[in-house]
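Participant: Two chains, two frames, some hints: make the complex.
Protein sequences, first through last, are from chains A and B.
In terms of my numbering, the first sequence has 50 at position 50, counting the first letter as 1, and numbering is strictly consecutive.
In terms of my numbering, the second sequence has 392 at position 392, counting the first letter as 1, and numbering is strictly consecutive.
It should be emphasised that the hints constitute simulated quantities derived from the structure, not laboratory data.
Don't be surprised by glycine CBs; every beta carbon is placed ideally from N, CA and C.
Warning: the hint list may mix true and false statements.
Pulled a few chain B residues facing chain A out of the computed Cβ check, cut under 10 Å [what the hints assert, rightly or not]:
#1 35
#2 39
#3 197
#4 380
Not everything, but these chain B residues come out facing chain A in the computed CB check (under 10 Å) [said to hold, decoys possible]:
#5 124
#6 222
#7 234
#8 377
#9 378
#10 382
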Amino acid sequence: MSRLAPPEIESFLIHEARLLDERRWEDWLALFADDGWYWVPLEEGQASPRDTVSLMYDDRRLLETRIRRLAEAALHAQTPVSRTSRIVANPTVEEEDGSGLTIRAKFEMVEYRRDSRRIFAGTTWHRLARDGEGGFRIEWKRVDLVDCDAVHDGLSVPF
Amino acid sequence: MPEPTSEEIAGLIRPGRVHRRVYADPAIFEIEMERIFGHAWIYVGHESQVRAPGDFVRTRIGRRPMVMVRHEDGSIRVIHNQCAHRGAMVVAKESGNAKRFECCYHGWTYATDGRLVHVPLRHGYPAHFDPDDPGTAMVAAPRVDSYRGFVFASLAADGPPLADFLGYMTTSFDDMVDRSPDDEIEVAGGVFRHAYDGNWKLYLENLCDAAHPIFVHRSSIDAARAQDDTVHTTGAGEIAVRQMRQNGAPPEFWRERVGIWTYPGGHAFLGDYHDDEKLVAASGDPAFAEYLAALEAKKGTEETRRIMEVMRWNSNVWPNLSFMSQFRQLRVVHPVAVDRTEVHTYAFRLKGAPARMFEDTIAFANVTNGTGSPVLTDDLETYGRIGTGVTSQGAEWIEIGRGYETDRPDGKGGVEGVDSTSEVYIRNMYDAWLGFMAAP
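Just chain B, same shape as in the assembly (with noise of 0.2 Å):
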C-alpha cells in the first residue's frame, strides 16, 4: 500500500471524532515514528540518573536505542547506541559510569558525546573513510535540552526551543520540584516497564480521562469500600486501599472540583481529584506535618501554602511524557509497533523531605503504576481491547467529541473543559499530532 498522502492523513482527523486508521495503520505508525518521534521534543530521561561526568543510563526516542550520558563539560549527551562500524549496540548496562563507550565488536570506541575516537586496525580503510566524520559517531541527538533537571531530545536540528515547546506546561514540572524542600529531587526506588497490545496514544489519552475510573475501575473501587479497616497494614496497604476508593468519587465530584487544562503542543493536565488527608498533603498524617515543617522552614509559610494549593493529578507533556507533581511519579511511553506500546514508570525522592514521605511515594507507586496493581492492570486490559477492537471494520469514527460546544480559553492561552469529563484534551493531542503529521 502506498503511504499515505498529507492530505489523506489530514482527513483521518474530523470535528470531534478520529478514524480508527490511527489506531490501527502500520503505515500511519511508521509516519508518526519519523514525522513526531523524529522531530518532536522527547523525554529521555532526569538529571539525577546521570549526575557525574560518564555517567549513562540506556534511554529511548520513538524506536531507537538511545544513551544519556553526562560528558567530560559537564553537558549532557543523548546518543545513538549503535557502533558506526557493523551497527552493534555498543552500550549493554541499563546505566553506569563510562570514560569511553567500547564495542564489544572490533573495539572501535567513541567519546561520552558520540565521537569516534578510536578504530584498532586502521589500516587498509579506502581513502574516504573518515573518523572525524560526525556520522561515523555513536550519532548524537542534534538538540538536547532540560528544564528543572527533565531532559529532553530531538532528533530535528531546528524546530522551536523546548521552552516554547512545554510553555504553560513548565508550571507542572516546578510543582514537582518546589515541594521539594531542597528544590530537588531524584529519580529513586526502582522502575516498572510494563506493556500491552495497543497502540501508543491510548496510554496519554487514558491519563487525563476523569470519566473512565468509575467503569474501568470498578472491581477494586468496590473490593476497597468492603474492606475492614481495623485489619492489620504496614501503612503501604493503607495508602493502596484509599487510593482504589478514590477512584470511585461521584460524578458530582469529578463535574464540580476537578477540571482538565490543555495547552498548545498537545499537552494537559487534569484537577486532582483526592480528598483524602492520608494521601494528601497539609492535612492529617504525621509524616505530612514533618514534611511541611521541613517545607516551611526552608521556604517560609507563605510560599509553602503557595505550593500546596496547587492541586493537579496527571501532567501529559504530549508526545511521550505524562506526570504526577503532587505524587512524585512520571511515566514514559515508548511506541514498540502499532498495536504493542511499553510504559517505563519512575518514582522521584524530594530532597530534605523525611524518609517516611519516600515510602508513601513507593507505595502510592506500586498501586498506581505497578505491573501487578489491582487498579493498573484493568487500565492495560483496557487498552489491549482497544487494540482488538480498532482491527475490527466496525465504526469507523473514533468519538472524542465530548464538551466539544462548551470547552472555554482559560485565559492562560490554553483552552479548558467546562467540566473535567471534557474530551478537550484528546481533541488538543491531535491538533498537536496534525502539525506534524500533515504539515504541508
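Just chain A, with the same shape it has in the complex (with noise of 0.2 Å):
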C-alpha cells in the first residue's frame, strides 16, 4: 500500500490547483523544470507521448507558448473564458529517491464557459524534484483523465 504524501506536498498539490483556477498561468509554468514536460495521454495507460497522440503533449518550449497564448488578446476559444474549479484528494506516494519522488493523486475539475458546464476527472502524476530550498519542481506531470479517448470538444485549459 502507498504511504501517504506528507503534508507539504499535499500543500504543494493545492497550490498548484489554485494557481490554475485562478490562471496565474505564469506562476504555474514556473513550477516546472527548465526541461520539464507535461503530458495528458489519448489512450488509458498509454505508454509513450511519441508513438500515439495524446490531448495535450508539452515540453517546456511548447508549454511556455501554450501559457503565453492564454494571455493573447485574440484567444477566441478562451472569449469568453473558462472559469474551473479543482479539488485534489488522495495524495501518495509511488516512489522516493535522493532527487525526489513521484505523487499519485485524484483530481475532479468543474470548467463552466459560455453557459455549460463540463466535469473531468482522473489521476495525476507529479515527478517533484527538491528544489534545495524546502520547496520542490516539476519535472513531468501526467494527468490521465478518465474519459481520455471519448469525443471532446474543444480543450483550452490546462489540467
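Facilitator: Here you go:
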C-alpha cells in the first residue's frame, strides 16, 4: 500500500490547483523544471507520447507557448474565458529517492464556459524534485483523464 | 413544416452565395443524410485497419453505425451494425477480430459479410420468415471499393464507380502512398475524436481556407513568434511551435506561392504553404535525410525528386474526408445533427521510413488535429460561433464569392483560383451538393 503523501506535498498540489483555477499561468509554469514536461495522454495506460497522439504533450518549449497564448488578446477559444474549480485528493507517494518523489493523486475539475459546464476527473502523476530550499519543482506531470479517449469539444485549459 | 421541394433547395444556392438555412435548417440536414450520405461514396476506413480475415473496425456512414470487416474471402465488407432480430447493435468493441458476430440479446449470429447464419430457438416463426433474405441480415452496403488502401462505401446500388468519383483526386492519394519507401502506409498512433456545435459542411470549408489562419490562429501565431528557441525541447514542441509560426505566413506568400485547385464532385486541394525546413521533407532535418536515403534506395533519385516536388496541404474528398498527403494525416467528418459534428483524425506510418519520421508525424498530429491543440481549439470555437450565428435572422445569404470573377480552368479538368484565397472550393462543393440535393 502506498504511503500517504506528507503535508508539504499536499500543500504543493493544492497550491498548484489554485494557480490554475486563478489563471495565474506564468506562476504555474514557474513550478516546472527547465526541462520539465506536461502530458495528457489520449489512451488509457498509454506507454509513450512519442508514438501515440496525446490530448496535450508539451515539452518546456511548447508549454511556454501554450501558456503565453492563454494571455493573448485574440484568444477566440477562451473568449469568454473558462472558469474552473479543482479538487485534489488522495495524494500518495509512489516512489522516493534522493532526488525527489513521484506522487499520485486524484482530481476533479469543473469547467464553466458560455452557459455550459463540463466535468473532468482522473489521476495525476507528479515527479517532484527538491529545489534545495524546502520546495519542489515539477520534472514531469501526467494527467490520466477517466474519459481520455472520449469525444471531446476543444480543450483549452490545462488540467 | 413540409419537406422543401427540389426547386426550393436549388433556390438556396446562388452565384457566390448560400442561404443560411443550408447550415441551420434541420429539414435540410435530414435530406442531406438521405440524398448525400445515402448515395455518395463515403470514406469508411483504411485497409491497414482490417488486415486479416475477421478483422473489423466500427465506422459510420452519415449517422449510421457500420462495421468495416475483412471477410473470409479477403474482400472488405461494410455492414450495418444492427441485429435483424430486435435491432440491437451487434458489434460493441471498437475493433478486433471475429469469425462470426453474435448478438448479445438472443444470439442471432452473422458471418463477416453480414449474412445471418444462426438463429437460436428457430421454432414458431411464421412461414414468411426467411433467414436467407438479404434484408434479414446485418445489411451490407451494396457497394464497397478502395483506392490504394483507402476504403469507400456507398449505400446506393447504382452510381458512378469510385474511380470516376475520385477523378483527379487520385493524385493526392498517390502522393500519400508514394511517399512510403515500401509503397505501403498504415493507420497508427491513436485517433483524436473532437466535436463542435456547428454544421458538418463547415469543416471541409475551413480546411482549404487560405484566408483564415491569420485571423483565427492569431493567438497561437503571436505566442509562437515570441517563443525563445533556446528553451528545452524533445523535438515535439519544436515541431508544434514551428507549425504555429507557419500559420502566420504573410498575405503575399498565400497569393503567390500556394494555390487552390478544385475538381468535379466537390473535391479540392490547397497547395502547401510550408517553407520551414524542419517541417517539410527534402531539406535540413537529419530524420528527413535518413528517410530520403531510404526512398532513393527503393525508388531512385528521379522518382524521389518527383515525389518531393508534389506540394499539397489539405486534400478534400467531398463530402466527408480531408487528408494531408505530405504530412500523413487524415480527418473524417461525421455529421451528428444540423448543429453538431464529430471529427475523427488518424495518423499514418510510412512503411520503410525511419522510426523518427513517425514520431514527427505524431507531434504534427498533436498540433494540427489535437483536441487540446492551441491551434485546433480556435478552429472549433469558430465553427461553434457559426453554428450560433446562422440561427440568427440577420443576413440571409452567406457570402462565398471571393475569386468568383477570376477562377479559371486548370487544364486537368478542374477549376483553380487565381490565388489560394479564392473560395472556389466552397462553390465547387455546392455544385456537388446541388447534384445530390436538387437533382430533378
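Participant: The structure should be examined with respect to each hint, and the outcome stated for every one.
Facilitator: Hints and how they fare:
1. A cut of 10 Å between beta carbons decides the hint on residue 35 (chain B): the least distance to chain A is about 26 Å, and the hint is violated.
2. Taking 10 Å as the C-beta cut-off, the interface hint given for residue 39 (chain B) is violated, the closest approach to chain A being about 26 Å.
3. At about 8 Å, the closest approach between the beta carbon of residue 197 (chain B) and any beta carbon in chain A falls short of 10 Å, and the interface hint on this residue holds.
4. Residue-level restraint check for residue 380 (chain B) holds (minimum Cβ-Cβ distance to chain A is 4 Å; threshold 10 Å).
5. With a cut of 10 Å, the hint placing residue 124 (chain B) at the interface with chain A is violated, because the nearest CB-to-CB distance is about 42 Å.
6. Given the 10 Å rule on beta carbons, the hint for residue 222 (chain B) holds: about 6 Å separates it from the nearest Cβ of chain A.
7. Interface restraint check: residue 234 (chain B) against chain A, minimum CB-CB distance 5 Å, threshold 10 Å, status holds.
8. Of the supplied interface hints, the one on residue 377 (chain B) holds, with its beta-carbon coming within about 4 Å of a beta-carbon of chain A, less than 10 Å.
9. Interface restraint check: residue 378 (chain B) against chain A, minimum CB-CB distance 5 Å, threshold 10 Å, status holds.
10. A least Cβ separation of about 7 Å between residue 382 (chain B) and chain A falls short of the 10 Å threshold, and the interface hint therefore holds.
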